[in-house]
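Given the structure of chain A, go ahead and fit chain B onto it with the hints provided.
The lines below spell out each chain.
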Amino acid sequence: MTYIAKPRLHHPSLIKNKAGYTRRDYEGAVSTLCAGCGHDSISAAIIQASYELDVLPHQIAKLSGIGCSSKAPTYFLGASHGFNTVHGRMPSVMTGANLANKNLVYMGVSGDGDSASIGLGQFAHIMRRGVNMTYIVMNNGVYGLTKGQFSATADKGSISKKGVANSDESIDLVSLAILMGATFVGRSFSGDKHQLVPLIKAAMDHKGAAFLDVISPCVAFNNHPGSTKSYDYVREHNEALNRIDFIESRDEITTSYDPGTLTTVQQHDGSLLRLRKLGEDYDPSNKVAAMKRVQEGMQDGEVVTGLLYVDPSPKDLHHHLNTVDAALNTLNDADLCPGPSALDRINASLR
Amino acid sequence: MPQAIAAVNDFVVKFANVNGSGSASANELFARAILRMGVPVSPRNIFPSNIQGLPTWYEVRVTEKGHLGRRGGVDMMVAMNPQTWAEDVKEIEPGGYLFYDSTKPMPASMFREDINIVGVPLTAITNATYSDARQRQLFKNIIYVGALSVLLDIDDNEIKKLFGEQFKGKEKLLDSNVKALNLGRDWVKQHVEADQVKLKVRASNNVGDRIFVEGNNAAALGAVYGGATVCAWYPITPSSSLAEAFQAHCKKLRHDKETGKAKYAIVQAEDELASIGIVIGAGWNGSRAFTSTSGPGISLMTEFIGLASFAEVPAVIVNVQRGGPSTGMPTRTQQSDLLSCAYASNGDTKHVLLFPEDPGECFDFTADALDLADRLQTPVFVMTDLDIGMNHRLCKPFHWDEQRVIDRGKVMTAADLDAGKNFGRYLDVDGDGIPFRTYPGTHPTKGAYFTRGTTKDEYARYSEEGAVYVRNMERLQKKFHTAARIAPQPIRYSSPKPTRFGVIYFGSTNPSMVESLEQLEASGNHVNALRVRAFPFAQSVEDFIHEHDRVFIVEQNRDAQLRTMLMSEFVLDGRKLIPVLHYDGTPITARFITADIEKKLGQLKVVSFEKKAAS
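The listed protein sequences correspond, in order, to chains A and B. Residue numbers are given in our numbering: position 15 of the first sequence equals residue 32, and the series is strictly consecutive. Residue numbers are given in our numbering: position 611 of the second sequence equals residue 629, and the series is strictly consecutive.
Just chain B, with the same shape it has in the complex:
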């Protein structure tokens, strides 16, 4: 008998399915049932750029402690896809479990000796009960959820409650799903010993009031709360569901109760160039507007981003990053668009980036981005990624301050103009680099100006004079410094012990980094950590770097893009900033970060930088 992994509320189950077989909803049901038992879960879709037929996986990390990053490794594989059987079986940890459809006998060579095999004749059970092909396909999924619920001690009442919510008013569907669930449950109860699988779920109280939501959905809701009225977009994975969610939220929240008319406009544009053009036109004309896209879309938008930056027009771009370059890995995650967004377009351009860690911050930052774009009169990027955007993540409930009002920034009204205020569209009256603007149509004789991508003076008059150009560019730089002060500030995690090592990271790396910090602390490797939440960087980021001898920069790209930006923005010695890079398209894990940092710490402790420099 092989060894058997035993764990309560701390294991990983991975489902290997065929895309388009209806497995997604069954797998989500599995994850939600555990969540309803008060045990945190962190599920991830690993899916192909395909609608039907290609392999797809769904990985559920069950985590009493609430470690929501990807763990790596698989304790139980639910192998439902013959195409990927070999690699799926290989991925199981020694002592782990293989759950499979045992309807057809399989040769021993197809299995491994160091894992535990649980065969359930799913096809046989299904075919004995259902004759319709589609029913057979869909209910087979529910049957395996039923079987797993017995094996892992998942409370079937929670599953039934979920069915009740899902099929409210559709009693027939409800009954047939419960029936399928029980088919799986009954078979396992009759044929499998109760403790054959030693991975168990035990009811807990660690979920609290947290919500379970995808980042794209959360960002879309943030756009509603932030007052966006115009959304223009072009379909691209993994951002499409963001614009679709905005549409769905607006249908519920943004129609006039009396007339039924819409307080928003959504245009699916002909391409990303048009999407950002529409956003800029709306922003110029005083509406809050945003687009959602991914890396290749940003590439197309860069000319317009330069215009919005130089002509000083507000725009919000949510970039749900995927693997690049070019078409890259459309259905895999990365943080590899930092440089292409931060410095998008020709000439000296710099843009504001926000880095949300989870759906909660996707909501907050998208709403904040709309304020920041208006206040700074410039494009603001919300840099999310596929890992946060397209996976359900447990996060704190959305919060909205009753007192909060839309901050439209410096807008001169007809009354201001009549009162004789001096209007210079590009005139820095407050010393923060941010000028006043007027909306088109404000006043019959005052406040009109010409917006252009060419150089202009303080009164928006075309000019190619060197001194005028330099003045304008310096004011834009000043505005950028203002952005560093008003954008979300970094969050610091300090080690209980003094240390000369620091870690800087951002975005979706957060749950894995937090888990890694616990691991490092436990092994006596003390580090302080700083989660950067915006570019331009706050002064405290530079202070943090100066406070430490060495700082690990953890990111999900090959070229250490954040590190490059830190080095150039703060003029730092690169030897001090040690890259920790994960970029294979899977979400970064605590295991990876801890191993890499420990390895590099080991090397550093042999010869210190100062000694090496002195020799």
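If we strip away everything but chain A, and leave its shape as in the complex, we get:
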């Protein structure tokens, strides 16, 4: 049995959020991933973000594909329905789930093998359809469950644990997501929760296709010298453009990094995304500039992180399809079945 239950009793002094839940209420089962796996830090960030957003735990649906990353949803949001789908096809299942009930918060969790190799097609299409979701790729550049093969996000020239250099070009999911029409695109590092947690919160709050590429080192197979997805490499080459300070109309997020200049992005729902610039002048609402900056970073060997692109007025798939306000899965017979008299008219038109 790899399923391990946590004690259900919570300490009475745990602080409840506005929804009346403690942080523990957003946790899942005990992780069975390797000790030190970046994925566990991302799970912790998802728990923290959900808790801080005051979202009701059962109002989140979490979906994943296959792989180490896709196992992660077992380890967070235990009160939410989850769906571990098939390899590389989580996006279509999440699209269908979202169509059925637009009122839940959708959290898709995938890996670099799941999204950039077998699932590249579905990854591209869920972005261009604008499904209202948060899509997180726990990106470690390697196949963990099958013991260390390169994935499609492994950088060209990076060295495997067995000492082999990767000769294929890497797929940059951030660039692809922007190109495919995602309306919120960020990158972060599993080792930087101060940047990651607010990014996840903002992504969950975004009313469109939100994508986060989170570099998440694989301690078992991709954390050695020569790897470009190791803790050391990412720490050294992390070029953070900004950190989200807070989302106005929500509680302030306390942050622990150096103050910089501030910029705000007003979103369609009136909320303000306040970004703290960390270095250069960077405008994340400029799609072309975002593409350029990400490509420049790749050229220079930087891991460019932060909120890279945001469309402040996103439109989602339900908007495109002009669906009714009620969730489709709540429509009843009267809504759905036109009845015998309409059928009589149809019969008459077919004679």
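Hints listed in this document are in silico derivations from the structure and should not be mistaken for laboratory results. One or more hints might be untrue.
Part of the chain A face toward chain B, derived, beta carbon under 7 Å [what the hints assert, rightly or not]:
| id | residue |
| --- | --- |
| 1 | Ser97 |
| 2 | Gly99 |
| 3 | Val110 |
| 4 | Gln166 |
| 5 | Tyr248 |
| 6 | His336 |
| 7 | Leu360 |
Cβ atoms here follow ideal geometry from the backbone N, Cα and C, with glycine treated the same way.
This is chain B only, laid out in the frame that chain A set:
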């Protein structure tokens, strides 16, 4: 003078045209006019995988008796395509008729001596009247309909009424079509003797209140009535018109009157994998969802079908079957996806299949499939085919019971959970193998579970323990037996005389089989027949087989797929089940079935199975 076939309300006219020339609507007009005279017709498109330029045919069987299967043979060929002239002329029955455009003189060698030739200078008439190239092309078609209406005694008032309906509010178009029709009519009246063609249509009263509709359109309407809210699909012949019809029906029937907003969502996905993934996501989340596809699409969907089956998520897949394998014959019909659907995906999987016989059952079964998928929490296939799906077929009017309500199956609500009901997602509480499920978002603290394609215990917890796995697989088997009880039951046709021979068949074979049964009965070959309407098979199917010494299994594929399934599901001696197989891509005919069964009956009557076994 050659012999001349004489027939009233019982003949076949075949139109040979060039794809994209506008002939389809003219030919349909021809068929509908006869229908309006109260005479049943059964038209079939025989078309290429092409938009413009390749040959296409339209075959109309005029049938007073209402035999709606393909008859085979051609009594009159309307040869409008020079490309296929030779084979078209060859296909005409001796004593039949060749109708052609006689504008240019043709050498005698191009014709046959044993058929009757009717030449009408269509191009000359057209060019003398119209100067615009497109008009010439379109109205030439109407002119030949006009000419044929005089030759065959088709009531031109019915044609004009049809024009009136088609061009309502477009008087100019109406007038120009009537004019073209009369050009053809007048020429024939002046130049052809009234009885030169002895095939005649005489007004009758055999159509009744039946409707004339394509199976794809009917299935789409069934999806609307059955409460489908999500449709995801990928274009593939011959199923594309199903999703398009669903869109058209929803536009009329499923928009909120006040806000104009849609009570449905349709996604044209990037491929069939995504289509079925979307359907499964929606089904998991409590919306009724379906996809429509054909054989190659099923091949792509199989991994997901296994997931939906093992994770127990409702999904409806309408498979409009075409000729396989691989790309096969995209525009020809077959019943060759039974095995690939019934046992789709890796591991021990079995799925529910429904076999509609005509558009009427396409409507019923698609609506039923949505109920069954929810009740059984599993994929349900509606196994139609190109012959039913893409041809207009006369069938009984659609019926919907006022009292009928959507049956969502076993869904536990927040109130149930609060009342303390024990929720185990894969727990068989009722002994029918069907567990309860919850929709995501139901309750803040109870009823959440993790859906997965891996093995799990009764409470949806991941487990690879052998005993847990076996328990789950046995419960799924039990659920499959439940499916056999609640799916559409077989329909039996009994011979008036006792017989030791039976026939089992399914789906679009029905009209030809019914006609064949009449022929067999008339020649003293008595057989009982059973039309199977679903898989898993009802117990009555096995009983039927045991009741007879020999059972012919009639199907439209090479490998006798239904027979294979009967043998393995019921553990039967294959020698008892005699295959009758038609799989050249054309719809099976009564002529074929009768000839094949009579031949095989003849062989059987020489040495009986029991004697042979004893020797």
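Each hint, compared with the structure:
1. Ser97: Since chain B brings a Cβ to about 6 Å from Ser97 of chain A, closer than 7 Å, the hint holds.
2. Gly99: Since chain B brings a Cβ to about 4 Å from Gly99 of chain A, closer than 7 Å, the hint holds.
3. Val110: This interface hint holds because 4 Å falls under the 7 Å limit.
4. Gln166: For Gln166 of chain A, the interface hint is violated, since the closest Cβ of chain B sits about 21 Å away, which is over 7 Å.
5. Tyr248: 29 Å, violated
6. His336: 11 Å, violated
7. Leu360: 5 Å, holds
Hint compliance for this structure: hints 4, 5, 6 are broken, all remaining hints hold.
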